[in-house]
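K.L.:
One letter stands for each residue in the lines below.
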Amino acid sequence: MEVQGIPDNPSAWLFRVAKNKAIDVIRRNKFSIQFDFTEGERRLLTSGYTMSGTMDTLWKEELIDDDMLRMMFACCRPEISAEGQITLILKTLCGFSTAEIAKAFLTSEENVTKRLYRTKEFFRENKTKLEIPSVDELKSRTNVVLNSIYLLFNEGYNSTDADQLIREDLIDEAMLLCKLLTENKHTQLSEVFALMALMCFHSARSSSRLTTEGEIILLPYQDRSKWNMELVNRGNEYMNKAAFGKEISTYHLEAAISYEHCIAPDFSQTNWPQILKLYEWLCALSSSPVSELNKIVAILHVHGPEIALSMLNNMAEKKKLEKYYLYHSLLGEIYSQLTEYAKAQSAYEEAIHLTRSETEKKC
Amino acid sequence: MKEYMFLFRGGDSVTMKQSPEKWQAHMQRWGAWMGALANEGKFVGAQPLSREGKHVIGTKKAVTDGPFIEGKEVIGGYMICKASSFEEAMEISKGCPILEFETGVVEVREITEMA
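Sequence lines, in order, name chains A and B. When we follow our numbering, the leftmost residue of the first sequence carries the number 50, and every step to the right adds one. When we follow our numbering, the leftmost residue of the second sequence carries the number 250, and every step to the right adds one.
Incorrect hints may have been included.
[Claimed, not checked] Only pairs whose alpha carbons sit at most 30 Å apart, straight line, appear in this in silico DSSO-like list of lysine-lysine:
no.: 1; chain 1: B; residue 1: K266; chain 2: A; residue 2: K70
no.: 2; chain 1: A; residue 1: K68; chain 2: B; residue 2: K266
no.: 3; chain 1: A; residue 1: K70; chain 2: B; residue 2: K271
no.: 4; chain 1: A; residue 1: K295; chain 2: A; residue 2: K228
Derived from the structure by calculation, the hints contain no laboratory data.
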């Protein structure tokens, strides 16, 4: 049979290929199957009489979405460190390279490799069941899943890839994973909807962030008519769905911040006092070096460069941040507003030195 | 619980395979039969056997083609399952889809320990 281009139904085709591949693997390892099957299933899979029928039952298309969720949760075992869990999700479910994970964590590739090794050891030693956690565990374990979806999205929005700043594929994948969580009745938590809203608001603005040559356009100079209002509206719908429960999550706050940017008619009309308030709330709720940095950006717009500089110099996590290019580019911005151009230049040079994305280097 | 080996002989898979629908339905009944045993924790293992084979005989290790040409003599496959008695094993064997054929035979043997 002649092979011609893309099959009529690519997803069905992929599905069939994957199933045949699984059958091959099981046939080859007939007597040493280590996967998560029941004893009965395992025995039926080793028999030539029942293998293919058993595969059909285990391989129902409508169950695969659930399986993806179970896989996500299986990676998020409480026994594995949060970083190890996220690393594993990114590596196995999302196809991240070690370098991409290293950037997302502000750490070295060697560390990521070690972390992956330790996590995989855990799975080898404990035969892990693929299951959606029980109600009392669901919230804490969903938070780990959300965190890795969030990291995945950020990697897509601001990619490590040397010549491509925005990777639509990663953004789509993050939104798809989160959408699965919004659609499954077990996982419809308010922070799941909040994260979905956040991603809608961010990606609504992604098409205006680059020139046709792929160079970055900074927020003040972006053509806001290019912003995708349909995505903003979708974000709003998710935001409304997220408005239940007693607690407010970091995703609620970050979505609210992104929303402020989305509705400002131009950069000068951005509601910075409101954004600063939200960042203060965010930092009080869960302080991270990156959100502290962003808070200082808001301070710069509300209170001016002197106060922003003294805040930046007094930051608790300064050491860790000095390895992060955004710290230096913010420092450069502050110094240039203070007209200390020599200091601004060396800060910008340090920022350029630290980022590995060619597109980001040009800004 | 003891283990029993079922040897399947005879039947007419060649004719049945001419109708893929019939063959598929037939194989599904094999799967259902063994699947039910697996659900009760009684299924140990089963494999179909190829029709080709040879006999290796005696001290001279003479090799012959054996009686494989005669369809009804050929062992087409085996299954090992658990049962609490020979009677139960016999009851289980009666559900075997090889008995959908007039020529189908299930030989039921208890697996014993070497004295």
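K.L.:
Hint by hint, say whether it matches the structure.
P.N.:
Quick rundown of the hints versus the structure:
With a C-alpha separation of about 25 Å, the suggested pairing of K266 of chain B with K70 of chain A holds against the 30 Å cut-off. For the hint linking K68 of chain A to K266 of chain B, the alpha-carbon distance of about 24 Å falls within 30 Å, and the restraint holds. For the suggested pair K70 of chain A and K271 of chain B, the alpha carbons sit about 27 Å apart, so the restraint of at most 30 Å is met. At roughly 22 Å between alpha-carbon atoms, K295 of chain A and K228 of chain A fall within 30 Å of each other, so this suggested pair holds.
Hint check: no violations occur; every hint is consistent with the structure.
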